[in-house]
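Go by the hints and put chain B onto chain A.
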Amino acid sequence: MVSSAPATGTTAPGRERVRRGFLGGTAFYLTVALFTVFAALPFYVMLITSFKRNSDLFNPEANPFWFAQPPTFDHITLLFTDTLFVRWLLNSFMVGGLVVIITLLLAVPAAYSLGRLAGSWGEVLGIGIFLTYLVPPTLLFLPFAKVIAALDLQNSIWALVVAYPTFTVPFCTWLMMGFFKGIPRDIEEQAMVDGYSRFGAFTRAVLPLAVPGILTIVVFAFTLSTSEFVYALTFVQDSAQKTVSIGVATELVRGDVFKWGPLLAGALIASIPVAVLYTFFIDHFVAGLTAVAGE
Amino acid sequence: MSLAPAKATAAERASARRDALLAVGMIAPAVLFIVLLVGVPFGLAIYYSLHDVTTGGTAVKWVGLSHFVELVGDRNFQQALGNTILFTVGTLVTVLVLGTILAELLMRDFRGKWVVRFLILLPWTAPVALGLIGWLWMYDSVFSPIDWFLRQVGLLGSRDAALGVLPNLYWLGDKVLAKVSIIVVNVWRILPLATVIVLAGLNSVPRDVIEQARVDRAGYFRRLFQVILPMISPILMIAVLFTFIFTVADMIPIFILTRGGPANSTNTLASLAFFTGILGGNLGRGAAIALFLLPVLGGVSAVLLRLIRRSEVT
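Chains as they are written, first to last, in the numbering used here: chain A, 1 to 295; chain B, 1001 to 1314.
Looking at chain A on its own, in the form it has when it is part of the complex (with noise of 0.2 Å):
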């Protein structure tokens, strides 16, 4: 005990740094470097792809990481003008807003309602409509096909506007759930106290509290949408009704002959926005997913 004391006492920081993993020094920036690579990898591939050559990208020597030859735009111009890529750009932009509207008019009043005005049950049925968000488009594609054809919304961006608040609704209801529990009961007490009716309060007081968590499923309604590829693929087949997700896997391959360049470009630039704006709020996203085990 007497020989510990002074050794816990006297660890300096950065020798405390080394002490808390397995891996010091280079070992631990190799690794991380590892899965950095294996992560990013292919992303990378698709950057450089996207400038290259098609006599240095069809040629097996050349080196697939760096240029052989001088950068080209011509993948670019390629994709911008002679197919319909703004287009399904355009498309998901469009999907993804009429969802976040339906999905904040139906998510955030159904989170309230669990979250502070019902009791016992509003905790049972919150973890019932998470589950419906657990439910695989694969179990429900087949007959949602019929049902999209039955409203007459078949290869139209309608179908896809109807469809994806069916996983849209349940995660942001749970996400807003744990927002409106995180606002003390006081405030709306106050706004009653002061003439306000519980839906007055509840306007008035507490959604301007919500604002980080509406913000929050904002982001996950519609990076949610634009992500999505089972529906869009079963209930789209029109070239010009397509999201940018299914437009770029399916119309730049036909058969056997791949447009390889502005493929993997449009893949990319498709890419980073949405990703970038996933990353600011996964931890929102994983807040909601391990609050599952309860508080």
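If you are wondering where the hints come from, they were derived from the structure by calculation, not from laboratory data.
Errors might be hidden in some of the hints.
Said to hold, decoys possible - Listed next, the in silico DSS-like pairs over lysine-lysine satisfying Cα-Cα at most 30 Å (straight line):
hint, chain 1, residue 1, chain 2, residue 2
1, B, Lys1179, A, Lys259
2, A, Lys259, B, Lys1175
3, A, Lys146, B, Lys1061
Stated by the list, open to error - Beyond 12 Å from chain B on every Cβ pair, some chain A residues (computed):
hint, residue
4, Leu90
5, Gln190
6, Ile214
Glycine included, every Cβ here is placed at the ideal spot set by N, Cα and C.
Coordinates of chain B only, in the frame set by chain A:
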């Protein structure tokens, strides 16, 4: 004097009733939407699996369990079932091990950490179908950058190369390599999510617990296995739950990379359901294939959720 509390309770009761009404009114639209657009297709899925339904035709014929009976004897179905288990278990084990290591590494501070974090999260944050297009190029039969690298370091494409004389490995054209490729891509995709979940768990371990273990002269691995991992086991199980859910029913890697090939060797239940139901037009059979996932998905999720919630209490 005696009237005042009674009056208050009456007012309270009225206010409680108004609140209850408001609660129902605010949740009704969301519940209605979910019941209509998740519940109805779900019911239809079961209905279709018991009938003969095709995309074009209108005739619907009751066939009972015969879709399921036929499937059990079908070789493609058996293969898909086996692949689903193989891909899920392979992904799960790899992700859990690598995710714990990566989370441990990311607990430390280092220069440029935010860039590393952004890059490591990319596979999860970028739209999955688009990231997979990058992998389609990585696995290309002629221009694969992986093969190029292996040729440069002398492992491939020369007479005494360890991986063979041919200039390419044909990642997606070989039955075994295609399966490996799918698992690699699954791991690539889910690892960031699992890592961030485990990180959340590690951050919740109180510092003094680690300090105490250190004062007790516990080595790093003893600290990890006997102190830290047991403490964050509920969080690890959450990582398992979501890795499982997001892998077992996912058909996107198969659709983009292999289309189930070569020779149906990489189909999973999810992709087989898609190819049978949508491209083949046999809705009944497709729905039946997808429904095979339900007991597994429901069962495993229920068990994991119970474990997670129980361990949280104690």
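Evaluated hints:
1. B:Lys1179 to A:Lys259: The given pair, whose Cα atoms are some 26 Å apart, holds under the 30 Å limit.
2. A:Lys259 to B:Lys1175: It holds: about 26 Å lies between the C-alpha atoms, which stays within 30 Å.
3. A:Lys146 to B:Lys1061: holds (16 Å)
4. Leu90: holds (16 Å)
5. Gln190: Fine: 15 Å to the nearest Cβ keeps Gln190 (chain A) off the interface.
6. Ile214: holds (15 Å)
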